[in-house]
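> Taking the hints into account, I'd like the entire structure generated from these sequences.
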Amino acid sequence: MDTFHYLAIGFSQALQWHNILFCFIGVFVGTAVGVLPGIGPSSGTALLIPITATLTSMLKPEDAATSAIIMLAGVFYGAMYGGSTTSVLINTPGESASVVTCLDGYQMARKGRAGAALAIAAIGSFIAGLFALVMLALLAKPLAEVALKFGPTEYFSLVVLGLAAITGLAGKSMPKALIMLVTGLLLSTVGIDSVSGSERFAFGIPILYSGFDFITIAVGMFALGEVFKTMLEKDEGAQEFPKIGRVLPTRDDIRRSWKPIARGSVLGFFTGILPGAGATLSSFLSYTLEKRLSKHPEEFGKGAIEGVAGPESANNGAAGGALIPLLALGIPSSATTSVLMGAFMMYNVAPGPLLFDKHPVVAWGVIASMFLGNVMLLVLNMPLVKIFAKLVEVPSKILLPIIVSICFFGIYAVQGNTFNLFVMLFFGVAAFFLVANDFPAAPLVLGRILGPMLENNFRRALTGSNGDFSIFVRRPVSAALLVVALLWIVVPIVLKKRGRRVLVNEEN
Amino acid sequence: MERGAGTPRFFPHYRALIGGIVINKRFDILAGSVFLAVGAFFVVTSRGITSSSYGSNVGPAVFPTLLGIILMGLSAIVIYGAIVYKGPEKAKSSHNYKKLFILIASIVVYILIFERLGYIISTFLFLTFVFQLMERGHIVKSLIISAAFSVAVYLIYVVLLQGNLPPLPEFLTNLVAGG
Numbered sequence: 001m002d003t004f005h006y007l008a009i010g011f012s013q014a015l016q017w018h019n020i021l022f023c024f025i026g027v028f029v030g031t032a033v034g035v036l037p038g039i040g041p042s043s044g045t046a047l048l049i050p051i052t053a054t055l056t057s058m059l060k061p062e063d064a065a066t067s068a069i070i071m072l073a074g075v076f077y078g079a080m081y082g083g084s085t086t087s088v089l090i091n092t093p094g095e096s097a098s099v100v101t102c103l104d105g106y107q108m109a110r111k112g113r114a115g116a117a118l119a120i121a122a123i124g125s126f127i128a129g130l131f132a133l134v135m136l137a138l139l140a141k142p143l144a145e146v147a148l149k150f151g152p153t154e155y156f157s158l159v160v161l162g163l164a165a166i167t168g169l170a171g172k173s174m175p176k177a178l179i180m181l182v183t184g185l186l187l188s189t190v191g192i193d194s195v196s197g198s199e200r201f202a203f204g205i206p207i208l209y210s211g212f213d214f215i216t217i218a219v220g221m222f223a224l225g226e227v228f229k230t231m232l233e234k235d236e237g238a239q240e241f242p243k244i245g246r247v248l249p250t251r252d253d254i255r256r257s258w259k260p261i262a263r264g265s266v267l268g269f270f271t272g273i274l275p276g277a278g279a280t281l282s283s284f285l286s287y288t289l290e291k292r293l294s295k296h297p298e299e300f301g302k303g304a305i306e307g308v309a310g311p312e313s314a315n316n317g318a319a320g321g322a323l324i325p326l327l328a329l330g331i332p333s334s335a336t337t338s339v340l341m342g343a344f345m346m347y348n349v350a351p352g353p354l355l356f357d358k359h360p361v362v363a364w365g366v367i368a369s370m371f372l373g374n375v376m377l378l379v380l381n382m383p384l385v386k387i388f389a390k391l392v393e394v395p396s397k398i399l400l401p402i403i404v405s406i407c408f409f410g411i412y413a414v415q416g417n418t419f420n421l422f423v424m425l426f427f428g429v430a431a432f433f434l435v436a437n438d439f440p441a442a443p444l445v446l447g448r449i450l451g452p453m454l455e456n457n458f459r460r461a462l463t464g465s466n467g468d469f470s471i472f473v474r475r476p477v478s479a480a481l482l483v484v485a486l487l488w489i490v491v492p493i494v495l496k497k498r499g500r501r502v503l504v505n506e507e508n
Numbered sequence: 001m002e003r004g005a006g007t008p009r010f011f012p013h014y015r016a017l018i019g020g021i022v023i024n025k026r027f028d029i030l031a032g033s034v035f036l037a038v039g040a041f042f043v044v045t046s047r048g049i050t051s052s053s054y055g056s057n058v059g060p061a062v063f064p065t066l067l068g069i070i071l072m073g074l075s076a077i078v079i080y081g082a083i084v085y086k087g088p089e090k091a092k093s094s095h096n097y098k099k100l101f102i103l104i105a106s107i108v109v110y111i112l113i114f115e116r117l118g119y120i121i122s123t124f125l126f127l128t129f130v131f132q133l134m135e136r137g138h139i140v141k142s143l144i145i146s147a148a149f150s151v152a153v154y155l156i157y158v159v160l161l162q163g164n165l166p167p168l169p170e171f172l173t174n175l176v177a178g179g
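Chains as they are written, first to last, in the working numbering: chain A, 1 to 508; chain B, 1 to 179.
Source of the hints: derived by calculation from the structure; they are not laboratory data.
Hints are supplied without guarantee of correctness; some may be wrong.
[Stated by the list, open to error] With a straight-line cut-off of 27 Å between C-alpha atoms, the simulated BS3-like cross-links for lysine-lysine are: (1) A:K111 with A:K295; (2) B:K141 with A:K386; (3) B:K98 with A:K229; (4) A:K243 with A:K111; (5) A:K172 with B:K141; (6) A:K229 with A:K390.
[Claimed, not checked] So the derived list for chain A, only partly shown, Cβ under 8 Å to chain B, looks like this: (7) V182; (8) D193; (9) V195; (10) F439; (11) E455.
[As the list claims (entries may be wrong)] Derived contacts from chain A toward chain B, CB cut-off under 8 Å, selection only: (12) T189; (13) R200; (14) A413; (15) F458.
Keep in mind the model is a prediction, meaning the values are calculated, not measured.
Backbone N, C-alpha and C fix where the C-beta goes; we use that ideal spot for every residue, glycine too.
Next up, the structure:
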C-alpha cells in the first residue's frame, strides 16, 4: 500500500462532518490565539485539551484521538497564521514566530498597505503549509520505518538527542536550561513506577500515586506564568490602529513575493524538522536570506514585501516540518509539539514509529485534516482578517482574568480535584520567577513528557546488557546519536565563546 | 554588552553567556540552592524505594538517583557562577508586585471556594474581584461580564456537554427546591 492509499483513508476520516467541525474550531481558536497577546500557541493548545477531552468523550477511543488531535493540531498551525496579524497592525507579535514580520509588515501598514502585507502573509503561509504537508505525507512513514529497527539502546539515545537539541536552543543560559530539563525528568518519576510497580516519592499520599500530570504543569507554566508576566507589563492602552485597506496583493506584489515564498517554504520545512530549531528560528533565517539575495537590500526594514512573504512562509513551513519528528519518532521539537505529544498520550496513542502501523487512521486522518485546515485558514485570514483584527482591541484587563478562569475550568474538568489547582498555581508562580531569570519553562514540560519514555528505554537497554553502561556507546547507531546530541550542546557554547551571536528559540 | 569579570574556568562558555546577559545574583543563588536541595532530596529518598525488580538488575531507583546527581552538579555550576559574577545586576524593576501578590492571593481563595460555593458563584466572585483589581471602576460592566462568563461556561459545559464542574452549593439548591 502506498502513500496515496493511506492519504485516501486519511481523507475519509478528515471529511466526516464532525471532524470538519473539530478542524474548524481548531484553526479558528488557533487564529484567535495567534492574534491575542498574552496567550501563545503552547498555552492555547494546553488550555484546549480539556475541552477536546469532553467534546470527544462520546466517540470510540480511536476516533476520539483522531478528532482531538485534528483540533489541537489546528490550534498549532492556526496560530502561525494569526500571529502575523498583530505584527503588521500594531507592531506587536502575537507569538514569537512573527517577531520578524514586524520589521517590514508594520512599515507596510504605515504606508497604508496593511491589507497587502496580511494577504501575502496568508498566501505564503498557505503555500508553505501545503508544501510541508506533502513532504510530511511522503517522509513520515519511511522515517518511522527506519526508527522501527531501533532497539531500546538506540531509542534512549534518540530521546537524549531530542532533549539536547531543544534544551540547547531553549534559553540564554545552558546550565539553567539543563536544570529545568532534569527537574522535569525527575518530576516524571514521581508516582507508581510502571515497570516494577513500586511507589516512588509519593510517601503514601494517594493523590501523588498518579504523579504530577503534564497538563497541570503545562497549563501552570505556559498559561498562568504568561498571565502573571503580562499583568506586570505596562498596558500600552489604545494604539493608533491603521486601516487595513484592500486585502488583495497587486500583480507586482506577487511578482516580488513568489520566490521568497518558495524559498521560505523549503527553508522553514527543513528547519522545522530539526528538533529545537522551530518556527521562530526559521523566520529569522528566512529574513536574513531574503535580505542577502535581494537586489534592493536597502528597502528591508522600510516596508519590503519580501521581508513579510519569506519569514511568514518559513514559520508555517516549520510548523509542518515539526510534525515529522513528532509523528514518526515520537520526539516533539518545540513547546507546542510537546503539548501535542502529551495530548496523544492522554488518548493512549503514543506518537512514534508504531503510530503509522498501529493507528494509521489517526496518523493519516490528522495529516489529511491539515490540508483542509490550511484552506480554512486561508479564508479566515484573507476575507475575514478584518474581523479577527478586532480581537486585538480586547483589553488585557478583561482578557487576563478570563484566561485564569479558563485555566481553572480546564484543569478541574480533566482532574476533578482542587489539589491539581494548587499544583497548577505553584508551577505558574515558579515559572513567572524562573523565566524572568532565564530559566526557560519549555524544557521542564518537555522533560516531564519524555521522562517515562527515556527511563523505560534506559532500563530496558541496561537489562539487556546486564547493567553494563557502555552499551550506549558500543552500539554504533546509539553512539552516533549521542555524539550529535553532544555537538548540539557544545557547538552553541563554542560559538558563543567566540563572541558569535547565537539565536535562541524562546517560544514563550 | 557587559562582561562579567571573574567567571568559572571549568565551564568555559559560562563566561560568554554571562557576558551577554545580566543576572540577578541573589535569585540565581537562591534558585540554585533550591534545585540543589531538590536533587539531594531525590538522591536520598531514592535509597528508600522498595525494589522488587527481579529479572532486571536496573531497579526503579537508578534513573532518579542519576538525575538527582546531575541536577546537583548543574545547580552547583549556577550557584558558583552567580557568586563569582561581578557584572552589573539586574535593575530592580518598577513592576507593580503588590498587584501580582493580590492576584495570587485571590487565586488561592478561588481554589478554596471553588468546590464549596460551586463553579458559577466562585468564578463570578473571582472575576469581579480581579476585573476591579486590574482597573477600578466600571463596576456594572465587571459584574455583567463575570456573570455572563461563569453562567455561560457552566451551561455549555455541564448542561450541554455533560462535563464535570462543581455544582451550586446544596443549601442554595435546597432553598430553591423548598421555596
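> If a hint holds in the structure, say so; if it doesn't, say that too.
Evaluated hints:
Pair hint K111 (chain A) plus K295 (chain A) holds up; C-alpha atoms about 21 Å apart against a cutoff of 27 Å. Distance hint between K141 (chain B) and K386 (chain A) is fulfilled; the C-alpha atoms sit about 26 Å from each other, no more than 27 Å. Among the hinted pairs, K98 (chain B) with K229 (chain A) is consistent with the structure: their alpha-carbon atoms are about 14 Å apart, no more than 27 Å. With a C-alpha separation of about 10 Å, the suggested pairing of K243 (chain A) with K111 (chain A) holds against the 27 Å cut-off.
For the suggested pair K172 (chain A) and K141 (chain B), the alpha carbons sit about 43 Å apart, so the restraint of at most 27 Å is broken. Pair hint K229 (chain A) plus K390 (chain A) holds up; C-alpha atoms about 23 Å apart against a cutoff of 27 Å. For the restraint placing V182 (chain A) at the interface with chain B, the shortest Cβ-Cβ distance is roughly 5 Å, inside the 8 Å limit, so the hint holds. The beta carbon of D193 (chain A) is positioned within 8 Å of a beta carbon in chain B (closest approach about 4 Å), and the interface hint is therefore held.
Below 8 Å, beta-carbon pairs count as interface contacts, and V195 (chain A) has one with chain B at about 7 Å; its hint therefore holds. With a least beta-carbon distance of about 7 Å to chain B, the hint placing F439 (chain A) at the interface is held under the 8 Å criterion. A hinted interface residue such as E455 (chain A) counts as satisfied when its beta carbon comes closer than 8 Å to some beta carbon of chain B; here the least separation is about 5 Å, so the hint holds. The beta carbon of T189 (chain A) comes within 5 Å of a beta carbon in chain B, closer than 8 Å, and the hint placing it at the interface holds.
Here the hint on R200 (chain A) is kept, as its CB sits about 6 Å from the closest CB of chain B, short of 8 Å. For the restraint placing A413 (chain A) at the interface with chain B, the shortest Cβ-Cβ distance is roughly 6 Å, inside the 8 Å limit, so the hint holds. Interface hint status for F458 (chain A): upheld, as the beta-carbon distance to the closest one in chain B is roughly 6 Å, under 8 Å.
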